[in-house]
Amino acid sequence: MARRNKKNSQDPIKESLLRKSISAKKDMFGRSLSLSALILIGVVVFSIFFFVLSRGLMAFTLDGINPFKFIFGTVWNPTTPDSNGNLQFGAFPMIVGSFLVTLLSALVATPFAIATALFMVELQSNWGKKIMHPVVELLVGIPSVVYGFIGLTVVVPLLRKTFGGSGFGILAGTIVLFVMILPTITSLTVDALRNVPNHYRELALAIGATRWQMIYKVILRAATPGILTAVVFGMARAFGEALAVQMVVGNAPIMPNGLLESASTLTSILTQGIGNTSDGSVQNDVLWTLATLLLIMSLFFNLIIRFIGKRTNITQGGH
Amino acid sequence: MAEKENYLLTTKNVNLFYGKKQALFDINLSFPKNGITALIGPSGSGKTTYLRSLNRMHDLTPGVKVEGKFLFHNNDIYSDNFDLVDLRKRIGMVFQQPTPFPFSVYDNVAFGLRLGKKISKHQLDEDVEKALRQAGVWNEVKDRLGANALGLSGGQQQRVSVARVLATKPDILLLDEPTSALDPISSRVVEDSLLDLKKEYCLIIVTHNMQQAARISQTTAFFNDGRLIEVGKTREIFLNPKEEETQDYVSGKFG
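Chains A and B supply the protein sequences, listed in that same order.
If you number the first sequence the way my numbering does, the last residue is 314 and the count never jumps.
If you number the second sequence the way my numbering does, the last residue is 261 and the count never jumps.
Everything labelled a hint here was simulated from the structure, so no lab data went into it.
It should be emphasised that the depicted structure is a prediction, and the values quoted were computed from it without experimental measurement.
Treat the hints with caution; some may be incorrect.
[What the hints assert, rightly or not] Within a straight-line C-alpha distance of at most 20 Å, the following computed SDA-like cross-link-like pairs (lysine to any residue) qualify:
hint	chain 1	residue 1	chain 2	residue 2
1	A	LYS212	B	PRO68
2	B	LYS123	A	LYS124
3	B	LYS123	A	TRP207
4	B	LYS175	B	ASP133
5	A	LYS20	B	PRO68
6	A	LYS305	B	ASN154
7	A	LYS124	B	PRO68
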């Protein structure tokens, strides 16, 4: 070692090249710092998955519930045995309920969101930027319990008065979720529209397109992947929303017969039951299974978003 | 100069302001029915600004004020009753960046055609092919009309852009440095296409490339600092300019 140092000292440039500089060391430090953060997050995510999955599968492995019957069974009766003395765990009503409120609210919210975003970006960009955008982003941040509370005190009584019945149900859930995901979809659609390069607009107008033709033939078409991502994001939010839905949907674990009858979603049954069951009981295990279903679904939504995002990169990769 | 009747587009006393800053000063320039007019000059000389005023692209930018007369078929294109959409169909524009829409080649060229009244699929096919042939790119793209235009090479993209404008059968084609983003070989191909087009169209091209101006244009206008310094036959401008400024620019002393 000593001999080598002696040798190097004869050539200062060689020495400095072979020695790690301070900035290179700092570089290494930063690298290892972010790497360890990444590893930590990776471990956390993996543990959550492992934990939920292992608990979720207990209902099948330990309690011997038939997975097929669990997913497609239509009777949810986890506490009181039926005439044969069996407890019934059919999650299908909740699955249907979750998908119904998600799809319906996205269906209603999307046209509104696109129209609002178009107004903000294409028609009134100054005013839209200064006022509308902050307002929409504010709406995204309102806690869901507030939405649920408003739903409970305004929407449900209104539905009761208008259509009769209790007012609780899929329709009330849809309305609350519609208001909740509208800002999410709008905000992301605005981003998608802003991402359409300005020269597409110039180009369309320079060829003789009217403003409306420019919007629907070029801008909406070029922004379609982004808008789809926005919708899926909104749906993911609607699907995973627990509190607000639980407050207005009625929480009757039966197959929804109409939009106005009390129904339930995966999240609403989960939040409702989680405090009323003891750890390790069948009733608790099946809630974990519901959580697993939710996790898988949100994973699925994420995959869709990534898939759409990938396609966007290809179509805009020309520049 | 030639007699007045041959001019398709005449501009008189054009002044243009970006807010308070004046960008063009008193430009008088006319363009014949066919042939290529090159607008040359250093960066910031106002040539692109002038070009964009010819089909009212400045309308899109807030705070721009345009003054002067722009006579096209004896109508002022800035008059209130002039239909902007129709104007831009007659005076088409090709931009500096090759900018196809992220659609198929066919949809790109058919874009302008589909804006107007409905035309038959057969007619559409014919017009698309004709425009692509005029732009000199048909042979290269005829087997991939359904492919995304962004997958073409830069030179092909730019010629598809030219075809897209040609498809609407304009009278005038404005070209804003159409080859500056292309390699020399692609530039050459685009230039050849333009040379074919000059027989039928009035082409107005902004270029930084003086060799290009010399190669393809009949008339050259030299801009500097928002003023039109000199306009004349391209040969004259390059070999025997009247103004010293022009001489300095074409001989490469500045710019």
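Pairwise hint evaluation, ASN154 of chain B against LYS305 of chain A, where the allowed Cα distance is 20 Å at most: Holds, at about 16 Å.
Pair hint LYS20 of chain A and PRO68 of chain B, alpha-carbon separation not exceeding 20 Å: Between LYS20 of chain A and PRO68 of chain B the Cα gap is close to 51 Å, so the pair fails against 20 Å, i.e. violated.
Restraint status (C-alpha distance of LYS123 of chain B to TRP207 of chain A at most 20 Å): 15 Å, holds
Hinted pair LYS124 of chain A and PRO68 of chain B, Cα distance within 20 Å: 16 Å, holds
Pairwise hint evaluation, LYS124 of chain A against LYS123 of chain B, where the allowed Cα distance is 20 Å at most: 35 Å, violated
Straight-line alpha-carbon gap LYS175 of chain B to ASP133 of chain B, limit 20 Å: 10 Å, holds
Given hint PRO68 of chain B paired with LYS212 of chain A - CA-CA distance at most 20 Å: 24 Å, violated
In summary, the structure is inconsistent with hints 1, 2 and 5 from the numbered list given earlier, while agreeing with the others.
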